[in-house]
Every structure is written in C-alpha cells, then in structure tokens.
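Asker: Here are the chains, one letter per residue:
Number of protein chains: 2
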Amino acid sequence: MALAKSIAMKAFSKSAESFGLKWAFCRGAQAHRIRAFSALMSPPSKAVVYEREGPPDTVTKVVELPPVELKQNDVCVKMLAAPINPSDINRIQGVYPLRPQVPAVGGYEGVGEVYAVGSAVAGLSTGDWVIPSPPSSGTWQTYVVKDQSIWHKINKDSPTEYAATITVNPLTALRMLEDFTTLNSGDSIVQNGATSVVGQCIIQIAKFRGIHSINIIRDRPGSDEAKEKLKKLGADEVFTESQLEVKNVKSLLANLPEPALGFNCVGGNSASLVLKFLRQGGSMVTYGGMSKKPVTVSTSSFIFKDISLKGFWLQKWLSSDKATECRNMIDYLLCLVREGKLKYEMELVPFEKFQIALDKSLGSQGSQPKQVLKF
Amino acid sequence: MALAKSIAMKAFSKSAESFGLKWAFCRGAQAHRIRAFSALMSPPSKAVVYEREGPPDTVTKVVELPPVELKQNDVCVKMLAAPINPSDINRIQGVYPLRPQVPAVGGYEGVGEVYAVGSAVAGLSTGDWVIPSPPSSGTWQTYVVKDQSIWHKINKDSPTEYAATITVNPLTALRMLEDFTTLNSGDSIVQNGATSVVGQCIIQIAKFRGIHSINIIRDRPGSDEAKEKLKKLGADEVFTESQLEVKNVKSLLANLPEPALGFNCVGGNSASLVLKFLRQGGSMVTYGGMSKKPVTVSTSSFIFKDISLKGFWLQKWLSSDKATECRNMIDYLLCLVREGKLKYEMELVPFEKFQIALDKSLGSQGSQPKQVLKF
Chain A
59 MALAKSIAMK AFSKSAESFG LKWAFCRGAQ AHRIRAFSAL MSPPSKAVVY
109 EREGPPDTVT KVVELPPVEL KQNDVCVKML AAPINPSDIN RIQGVYPLRP
159 QVPAVGGYEG VGEVYAVGSA VAGLSTGDWV IPSPPSSGTW QTYVVKDQSI
209 WHKINKDSPT EYAATITVNP LTALRMLEDF TTLNSGDSIV QNGATSVVGQ
259 CIIQIAKFRG IHSINIIRDR PGSDEAKEKL KKLGADEVFT ESQLEVKNVK
309 SLLANLPEPA LGFNCVGGNS ASLVLKFLRQ GGSMVTYGGM SKKPVTVSTS
359 SFIFKDISLK GFWLQKWLSS DKATECRNMI DYLLCLVREG KLKYEMELVP
409 FEKFQIALDK SLGSQGSQPK QVLKF
Chain B
59 MALAKSIAMK AFSKSAESFG LKWAFCRGAQ AHRIRAFSAL MSPPSKAVVY
109 EREGPPDTVT KVVELPPVEL KQNDVCVKML AAPINPSDIN RIQGVYPLRP
159 QVPAVGGYEG VGEVYAVGSA VAGLSTGDWV IPSPPSSGTW QTYVVKDQSI
209 WHKINKDSPT EYAATITVNP LTALRMLEDF TTLNSGDSIV QNGATSVVGQ
259 CIIQIAKFRG IHSINIIRDR PGSDEAKEKL KKLGADEVFT ESQLEVKNVK
309 SLLANLPEPA LGFNCVGGNS ASLVLKFLRQ GGSMVTYGGM SKKPVTVSTS
359 SFIFKDISLK GFWLQKWLSS DKATECRNMI DYLLCLVREG KLKYEMELVP
409 FEKFQIALDK SLGSQGSQPK QVLKF
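Heads up: the protein sequence lines correspond to chains A and B, in order.
In terms of our numbering, the first sequence opens at residue 59 and continues consecutively.
In terms of our numbering, the second sequence opens at residue 59 and continues consecutively.
Take the hints with a grain of salt, since some may be wrong.
Just so you know, same-sequence chains aren't split out, so a pair can sit in one copy or run between any two.
[To be verified] DSS-like mimics (lysine-lysine), calculated; alpha carbons at most 27 Å apart, straight line: (1) K363 x K380; (2) K368 x K308; (3) K351 x K368; (4) K351 x K285.
To be clear, the hints were calculated from the coordinates, so they are not data collected in a lab.
So here's chain A without its partners, still in its complex pose (with noise of 0.2 Å):
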C-alpha cells in the first residue's frame, strides 16, 4: 500500500487520510456544517500506476488507490472507458517529450460519469458525462478527481468508446486538415499509415469535406482487406507501399489532382512515397514515425519542387492557449460520430483484462485494433 499511497500524495496531490465512505460521500447541509471535521472524498480507486519509467509491461500494475479528498473545486468522475495510445506508452517507457512524475497513473484521455462534485462546482452534477479536456494524464483508472476546469460535459448519446477516444486521435486528424493548407472541394490529399485511427479520420472528414484522399498502407496479409474497409470509409485510393515502386506514381492519379498536402506517421521510404505524390509546393505534415527511421529528402526537391516539411504535436497546439477551440471541436467531432460520418476500428477490453489490452497494443501479437479499457 506505500506505492498506492505515494500516488495518492505525488500523482493528485490529495490527502490520503482514511476517512470512512459514510463520510465521504454525504453531502449538502449536514455535510457542510460537519465540513471542519470530515470531508468529501473520492472512493479508493483501481488503477494502473508505475513507479518507475520502463517497459510497460512490467513497470505497470492494478492497484487500489485509497480515496482521495474532493476540495472545493473538484470533480470525482466514475471512468467509463479509457482507451491505450502509443503516446501512453511511451509516456510510461519515458521516451515522450512531456510525462507526468512518476509514480504515476497511466492513460490520457477517456470518459467517465460524474460521481461528486466539490461544494463550489457550478455547472457540472451527478450522472453528466464528462472528458478531461484538453486531455491530462491519469485517465487508466475507475475513479479520477480533476479540478473542474478540466472537465468538458459531453453530450451522453455519444458512444462511450468514441467518447473515449475523440480527442488525441481524431482531433489530430482534424487540426492537421486545417492547419497547414487551405484545402478546397476537389482538392486531394495523400498520407501513409492510412490504416491508423488518424488515418481513418483523415480519410472520412475529407470525404464529407469534398477532398479526395490517396492513402498508402503497409505490404502484409490482409492488406487487400484493408484497403476495402478504408475505401468503404471513403478512401479515393489506396496503395501498398510495394504498388508504388514504380517510375512514376503520379501515373497513378488517374483524375484525382496532385496533393498539396501530404501526412507521414511511419517515416522511413513510406515518407519518401508520400513527398513523391506532392505536387509542386507542397508540403509534408509528420505526426508519427512507426517505422522508427528519419525522413530523407533530397535537396533538389526543397530547392526545385519547393516542398516544406514541418511537424504537428497535438500536444503542443493544445498548450497553446487552444482549451476552448479544443473543446468546441471535440463537440463537433462527437457530433459527426453521432451522424455515423466518423467511425473508427477500436476493440473494447474489461478493464480486468488490461495486461491482455496492454499486451495487443504493444505491438506483440501484430497490428491490433486500437484498445480501449472498459471500466
């Protein structure tokens, strides 16, 4: 119980005091008046810390946290569904830019219903569904307390997984359309990794958006399969990467434009597929680097074919002072999933079963359906 204890103190920075639940949890009048004595607090919580930064497998374990103190301006929210992201992971093997301080509790985003609401929340009560927004760290467990300004209510006919998951995902996809280049109906796209939850985003606001895509996925078993779910998403064309070792890939166009934009989350000579696609001018976004290997660019095609490459961190857009547009385009993103304009592959896992969730999303047993805990 010291770890669980230590979390309690470092990770939320709440008292861990054993008050009784009886306590806890009365509130109005009486809990008022008797407020110098006991306080509102959290139930204990079962959650997925680490200690320490390392493999996730084996620095990660369930514990229950004791319950934490609800101040003024809290929130305690009943999770409902967290889902596990590659940026989880490496947050937790220590190789992300920004972490929490260990001990820590894994996940980032999620959704959850609100169980109790400190005396002076306004706006938000009991049964209203809730997402930390912008994200914030900690979501891999059953009970969280967030300060109210982190949480953003949600409309409760959004599916939970999607709820769950609409923000580092999707909002990516839909920030990086924006961002870069003003696109028009009938202008296109290209992007590898098209097979990824950004990717499928990608292809399907796009589509409604008017903008065809050209997407570029791994050679593997299966891959005429998955070039069938994504054009069934919206896809206008779909390569493996082997397709497109020809002279010439523009070729392959047939009438779709040449891309001004292109998006690159595997690096490596999938990056160097997208760039060829690129018209004149055009530019380069990387958000991922699967493959692990650099982007390499010949210098004629800065100086001659005028292509930029430049980068996009949810994160970091997030920092930038964006805690409003974020939220009212999450609203928006949840609503065009409510309007089954957005779908996603995803494998809903019993929060009992997390190592197996964990396991799958390591990348052990081959590409897997992005997994999201059930609480």
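Go by the hints and put chain B onto chain A.
Answerer: The following block gives chain B in isolation, referenced to the frame of chain A:
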C-alpha cells in the same frame, strides 16, 4: 559558321543578315529615313555557345556570332563582366529545371555598357551601365541585344565584378534573411557552406542588422585561414564539421541565442549539423546541395522539436512578379558594396581565358574563388 548562325537565329530570334557595320550603327535622322533599306545592327559578338547539353568543358566553344538587328525596343549592350555560377554549369549540363533552348549562349547574369539603342528606347543611353534584371540567359558574350525591359541601369561607381554578380548570390542571401522568419537584432542564424559567396553575404548582411551568425565550414587544409576570413567579415562563430562531432553542439553557442533560422547549401551530415543548432520551432532553408547527399531528419524533430524544412530558389522568387522589387534590392545591395559593407571573394579572368575559368569553376582544381569573366 552554321552553328553561329543557328544561335543567332534561334537564341535571339534576330535576323543574321549580313549588313555592314557602317550601316548597322548609323542612327538618328538619316538612319530613320533609310530604315526600309538598312537596319540598326549590333557588332558581331564573341560568345560561349553550346549546341547541345553535356559536360561544359566539352560542349562549350567560343565562336563569333554575326551582327543582329536591333528592333526599335532593343538595346545592344557591350558586356563588361559576367560570372560563372554553379547554376550556369548546371544549365549547360542539362540538369537545371529551367534552361534555355539549345543552341544557346552560356551565362545568366553580368554587367555591361549600353552600346546602341533602338529607336523607341527611352531611359537608356549609350554609355549607361546596365544589368539584365531579373537575370536573363546569354551573358557570356561581348555584345548582348535584348529588349529594353530586360535592362536595369545601375550606378557606374559600382565595381564591375560586383555589378556582374550582384543578383544570383547576394540577392539570394538577402531574400533568405527576409522571407522565412522575422529576425530581430540580437537573434542568430546558422548556416553551412559559409565560405560560399551566398554564405559570405549572409554573414555581412546579418552582421550589420545586428544578427549573429553561426557558421559551419568543411574540414580542409587552410580551414583556419578560412575561419579568420569569415570572422573578419563579421562571423560570430565558425566551426569545421569535425568540431561539431560533440554530444551537444549547443554548448558551443556560448552566449549566442539558439538560432530560429538555418541555411543549408550542402545536404548530408552538414545539413544535420545545421538542424542540431536550431531552436525549438526553428526552420532550415535549403538552397543548394553541394555534397549531392540528401537531407535526413528524424520524425521526432518534426513532431517534438517542431522543426520545419523549406527551400529557396531565386529563379522561382523572381518569376513571381518581383521585377520591380528585384531592381530595388539590386540597387540596395550595390549601395552596400559601394559603402564597403558587402564584399566577397572573386577572381577576374580575361574572357580569352574562358576555358581556364571554366575548369576552375568545375572544381577540378579544388576550391576556387568565383570566376568572373572580364570582357
């Protein structure tokens, strides 16, 4: 003479009929009256021509081109000096994206004295010093005939060799310092290939704008002298590539701010060194590729360091309706030259020794100062 005639016909679209010089250059009232019978003609022109693209030392030859007729808006300029730029070499080799149709006369910039003007020419008179601005093909010859709109009159106090070379390199330096990042006094920039003419110009223009320069040069015999020369021009720091084989190049910055802008004319490892110096959110502009190696960048540099990579090509900038702006900047740069604020190494070579100058420009004798033909 068949080749020469073909050049005269194709490269200048001028009549090459054999009028005597006596008639060709008698202008004024009498010439006007007899226009139907004679025409204003240039002198014959000794020119470096190439009939086909290929290795410059084998495809070029010096020939005498016959006189050409001056149409009413034409100006005949007696060339004074013209440089051999790397892009001139690339045009002859056939590896430059925009090239004159062959057969062609080499050269792209230079300075000359007005020798004769067509009847409708206004604003230019015999004896004026002019440069083709924006630059224009065919400056490696003793007499150039082009429309008056091509020529920009310059201050005759400008040193010939600077007037001849003021556009391709110094203007590139100036535009690159202006067009990518707002640089304020106290900021710094980093560049490789710092001993190039563009590199020398960047150092000096940066210096008198209060911008610090961090400069990277190749390891070679005489690199200490090269360092001293650059420091005399105003370079704050000069490193050879091998000096930068340290874990943290930024520790070498001493009190200079991390640069927001870098310039790359080399590629390969030298470009990676520029990137290492850049601050978070910085940009590197590629304008050359002397090592013939590509630029290689980790995906995390794009995502987490927010690095962006761009290219600069003066010819593209000039083609975007910048003729007036170009001329204003040429005047500004020549003013800097006359004030002693802008200088760079060149070697003046008599036109008769073109093949020697070409040989030096092709690099077979190791690093050489820019060769400037003197007519």
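Asker: Compare the structure with the hints numbered earlier in the document and write down the numbers of the violated ones, lowest to highest.
Answerer: none
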